[in-house]
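Participant: Each chain sits in its own coordinate frame; assemble them with the hints.
Read top to bottom, the protein sequences are chains H and G.
Using our numbering, read the first sequence as starting at 1 and increasing by one per residue.
Using our numbering, read the second sequence as starting at 1 and increasing by one per residue.
None of these hints come from the bench; they were simulated from the model.
Incorrect hints may have been included.
Below, a list of computed lysine to aspartate or glutamate pairs in the DMTMM-like style, where the Cα atoms sit at most 25 Å apart [what the hints assert, rightly or not]:
| hint | chain 1 | residue 1 | chain 2 | residue 2 |
| --- | --- | --- | --- | --- |
| 1 | G | 330 | H | 45 |
| 2 | G | 177 | G | 157 |
| 3 | G | 202 | H | 110 |
| 4 | G | 210 | H | 31 |
| 5 | G | 151 | G | 109 |
| 6 | G | 330 | G | 302 |
| 7 | G | 210 | H | 69 |
| 8 | G | 287 | H | 45 |
| 9 | G | 151 | G | 140 |
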Amino acid sequence: MADTIRLEVTASAAALPIVRLVLGGVAARVDLSLDEIEDLYVAVEELLSAAEGAGEGPRHELVIELGDDGVIVNAGPFRTSALRSRLTGTAPSGTYDLQTVMRGVVQSVEVCAAPDDCYCVVFAKRRGDA
Amino acid sequence: MPDADTTDRPGDGVAGEPDGRQMKPGSAAEPGEPGPGQDNLASGQDEPETDAASPAGELAAGAESQADAEPDVDDDDLIVRVVPPTSRGKDESEKLDQFLLRRYHLHGDRRARDQLITMYLPLVRSLARRYSSRGEHFDDLVQVGSIGLIKAIDRFDLTRGVELTTYATPNIIGEIKRYFRDKGWSVRVPRGLQELNIRLNKVIDELVPKLQRSPTINEIAEAAGATPEEVLEALETSQAYNSVSLQAAPNGESGDDETGLIDYMGTEEAAYDTMEDRTMLAPGFSKLDARERYILHLRFFEGLTQSQIAARVGISQMHVSRLIRRALEKLRANIGEGAL
Chain H
1 MADTIRLEVT ASAAALPIVR LVLGGVAARV DLSLDEIEDL YVAVEELLSA AEGAGEGPRH
61 ELVIELGDDG VIVNAGPFRT SALRSRLTGT APSGTYDLQT VMRGVVQSVE VCAAPDDCYC
121 VVFAKRRGDA
Chain G
1 MPDADTTDRP GDGVAGEPDG RQMKPGSAAE PGEPGPGQDN LASGQDEPET DAASPAGELA
61 AGAESQADAE PDVDDDDLIV RVVPPTSRGK DESEKLDQFL LRRYHLHGDR RARDQLITMY
121 LPLVRSLARR YSSRGEHFDD LVQVGSIGLI KAIDRFDLTR GVELTTYATP NIIGEIKRYF
181 RDKGWSVRVP RGLQELNIRL NKVIDELVPK LQRSPTINEI AEAAGATPEE VLEALETSQA
241 YNSVSLQAAP NGESGDDETG LIDYMGTEEA AYDTMEDRTM LAPGFSKLDA RERYILHLRF
301 FEGLTQSQIA ARVGISQMHV SRLIRRALEK LRANIGEGAL
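Chain G extracted, bound-state conformation (with noise of 0.2 Å):
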């Protein structure tokens, strides 16, 4: 069974749903939100009304009146024939689903849990539509919930009496939770060096004031119950954070100019003489923020260690690292290549 994560449940107080059941097809879905099957570009807009007339309709119907059996589906109409009717009620979408995770896990049909998997695109995109204010695309959402989605249908135990919206949804919830967890940091990082680099955040801020200097790495080491390497190795992946692609305009500007970091790379700018990089510096300055403008201040003109400077500020020493390198790469990269 999934992680007992009900937080973010599709259903949960919507009007008509006092038992928290889950949203099923043709119930209750979020405002604007089609249910699963109804969605135009989930179930396509080629596949047949869903109108009590329909293929679809007499599966409904049919269902309905022979309670427990399975639908009679052919097999090559299967894909036609249950595609779920706007107007079905919950019972009729549990029956259905049953059928389906029937047909595909003791039967091995894959157009069942094609079938499965697109009636359910729209409960993806509900769920992926909460997290879609978080910094990441919508459609990149959607398709790692519907990788929840294909988990959730592929290990559903029919054994269990559970609805598959039940055990979909936490799966779902739990892939996009996991997409974020691991896409905060630009870089692949193996989760072990990602949450030790979280801790020696932790520790290194402890033993600098216990120590009252920068700690060493076998100081952190040993307070991290780890070793020399693997702090160098979880230090190294906080330069992972960010990342920006070669062919983004720099600093984030657009415009009509196509000109990308990629074209700030590798040039002969060597005929600049000292006189020009200098020159260019002022406004290669400019562009930093005040923070960065003060912080460069604090290590290069005060002379003050990353620890002190983190002290002051009230931010982490890692954090005073990673501006520091920040800020040297804006002014290299306003200034152009090779002036700094």
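Extracted from the complex, chain H is given alone in its bound form (with noise of 0.2 Å):
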């Protein structure tokens, strides 16, 4: 079975370093690439950045699971239509929302239901792919 690490963090600034080294500690045991690794930060960051902007929070939980040849990050819940809205429309060429900062950093972003008619945001980052 994957090892799966569980992080409860705030919706805010401060919290991103916290997340960030421990992002990259695990990031490293899969060997990912700095690079790699950058796009892992940013896609975090950006998703949580976008998430207080759209009122989310205050307590957010980042899931974050070793495969084989990379990490599956699982945040959430999230509940505004804002947000989704956000991760799944489709942005005017040309353009940088939070959809085009995404898919440009990881391999897949995904939004999936969650209780209490919320959703989760799980997006893929793999050895090689950067």
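Facilitator: What follows is the structure in structure tokens.
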């Protein structure tokens, strides 16, 4: 069974350095490269910043799962439609929005249903895909 | 003894100081810079005039005539009587320094220590001014330099036979330089991590072309002689280079508007729909400089990795990482939190 690490973080910028350290430590165990780790950082930071801006919070859980060739992060629960639309909407060509950024730095971004009408965001970063 | 840092010593090359003596009270100082004891702020305007008829003048005269003898100063009058006259000569200044230093180190007289600090504040100001063009407030540098002065006075060894200025000057400069080294990182980062971070920059720059790919943390750790945890921690410190006050205006703009960055944080903007957010992106994007736009374009449209961008732009991968984050933060700040 894959190793799983759960982090409960406040929706604030102050938590980001801790998230980065944990995420970096986990990613190093599966030998992600520095670029790939940086991509993971960007993905988490952008997602949490967007969540904070959308009025989500005050706490989120990050479940970091170690796979054979990478890391899968499950973040949530979220409930606002504003955040969901930014993750699932189609960004106009030539613009930067959350979806563009997330898909630019990780291999897959999915919005999955969670209890109590909430949803989670699941994204994966695999080795060798940077 | 202090570091042998003599490059910035006051008095170097000063006319009338051919023997390399340091600036002394009453001797040639930097143009427009009063010597120790001559500074209005330091000495205080309430202090007596330092002419020959003043108590300080008496002290100077007494010191001149009594050679090595201690000035006859009543304890209660110490502060008043030792205020150095502006016209005191070098020998008199040295005599006064030695007297006060003996009072402090041999008799524990704190007032003598205070008086020495006050006398030499202008020296601190003179040295601090040399570094005031480096983006730090002059008053902050004076504060830091004053710590160096106090350390010099406290650690002064009477048996060494050196002048206080000779000993204090490198101490003051050292303290100011140390401040710059530490202050370069707006969040206090242990020096070991700072140094490791600098080393990692070099290691990463060497590994990327060697491996022809971005290195892993373990590879970086091995090359740098550190543990993976230390590497991660040191890399994290690279985010501590700069910080912005929450009260600061966005993008450093000034004006009557007192809105600060803090007003952009945690606001309820969920009502914006996606279309509005996208519309707002354009002006935000225009606030980025050309390099930031280019790097974002390379990263998110051309799909280049940070290392590839680093190679193309000619900067380090860590610098690319910082630029990407900064650009995204700028975008968020310019278009409103939550729009990106």
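Participant: Taking the numbered hints from earlier one at a time, note which ones the structure violates and give those numbers from smallest to largest.
Facilitator: Hint check: 3 fails alone, others pass.
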